[in-house]
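K.L.:
Each chain, letter by letter, is given below.
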Amino acid sequence: NAGVTQTPKFRILKIGQSMTLQCTQDMNHNYMYWYRQDPGMGLKLIYYSVGAGITDKGEVPNGYNVSRSTTEDFPLRLELAAPSQTSVYFCASVPTGGRRGSELYGYTFGSGTRLTVV
Amino acid sequence: KNEVEQSPQNLTAQEGEFITINCSYSVGISALHWLQQHPGGGIVSLFMLSSGKKKHGRLIATINIQEKHSSLHITASHPRDSAVYICAVRKTSGSRLTFGEGTQLTVNP
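Just so you know, the sequences run in chain order A and B. Counting in our numbering, the first sequence runs from 166 upward without gaps. Counting in our numbering, the second sequence runs from 22 upward without gaps.
FYI, nobody ran anything at the bench for these hints, they're computed from the structure. A portion of the hints provided could be inaccurate.
Unchecked claim - Ranges of calculated distance between the beta carbons of each label pair, as one might list FRET restraints:
id, chain 1, residue 1, chain 2, residue 2, range
1, A, L245, B, S47, 35 to 41 Å
2, B, G37, A, P248, 40 to 46 Å
3, A, I177, B, G49, 30 to 36 Å
4, A, I177, B, A97, 39 to 45 Å
5, B, S114, A, P260, 17 to 23 Å
6, B, G115, A, Q187, 21 to 27 Å
7, A, G168, B, P130, 30 to 36 Å
8, B, G49, A, P226, 36 to 42 Å
9, A, T261, B, V65, 19 to 25 Å
10, B, K76, A, P204, 40 to 46 Å
Even glycine gets a Cβ: it sits at the ideal position worked out from N, Cα and C.
Go ahead and model the full structure; you've got the sequences and the hints to work with.
P.N.:
Following this line, the structure appears as structure tokens:
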């Protein structure tokens, strides 16, 4: 299994440009997340999805959009790139967000996308 | 105040030393995760804890639910252990993780 695949790994955007960060998982996980990581800061949740067709905002959603048309794919869209969106972006997935009996499931992270907006 | 606090922020050790990284949290949780992030690399899940203690090779993770505290120990540290170690909690109210800021560990040969 490939796990969680993110593309691209690196990207430089000019202010005002748009782009889509791709995230695909092949583990049939229900829950998927987009995080950003700024230097010296903990990861912050941008958007998340609990299943196909369902998305919700996280802590820092402004300037981003997502969609979840299939279980596998969870793309993150930047419409008008701004320097404040320079960051490293991580996608993650987990089989279920809830507790099932005494079992708790682990998260799988993608390798990250390093985005610079100039 | 952050809901998840890690200490220390930076830690430098000599190869072979016993290392402890601490995580304190102020919310009710259903699970606590320890993650490892290598320079320029992705994030790997090391442990997921809801009680007690887990061991994997030279890594040991403990959690004290009453004290809202967890520790990650590395025995016989090695330069390849150099990485950022991140504590994250899943609150009892949902599926989302709240992250600490990470501990940068450098192990010198």
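K.L.:
Each hint should be assessed against the structure and marked as holding or not.
P.N.:
Evaluation of the provided hints:
1. A:L245 to B:S47: 35 to 41 Å: Holds: the Cβ-Cβ distance is about 36 Å, inside 35 to 41 Å.
2. B:G37 to A:P248: 40 to 46 Å: holds, 44 Å
3. A:I177 to B:G49: 30 to 36 Å: The hinted range 30 to 36 Å is violated for I177 (chain A) and G49 (chain B), with Cβ atoms some 42 Å apart.
4. A:I177 to B:A97: 39 to 45 Å: Given a distance of about 42 Å, which is inside 39 to 45 Å, the answer is holds.
5. B:S114 to A:P260: 17 to 23 Å: Taking Cβ atoms as reference, S114 (chain B) and P260 (chain A) lie about 19 Å apart, which means the hint holds.
6. B:G115 to A:Q187: 21 to 27 Å: Holds - the Cβ-Cβ distance for G115 (chain B) and Q187 (chain A), about 26 Å, lies within 21 to 27 Å.
7. A:G168 to B:P130: 30 to 36 Å: holds, 32 Å
8. B:G49 to A:P226: 36 to 42 Å: violated, 25 Å
9. A:T261 to B:V65: 19 to 25 Å: Because 20 Å falls inside the window, the suggested range holds.
10. B:K76 to A:P204: 40 to 46 Å: Violated: the Cβ-Cβ distance is about 32 Å, outside 40 to 46 Å.
When held up to the earlier numbered hints, the structure conflicts with 3, 8, 10 and fits the remainder.
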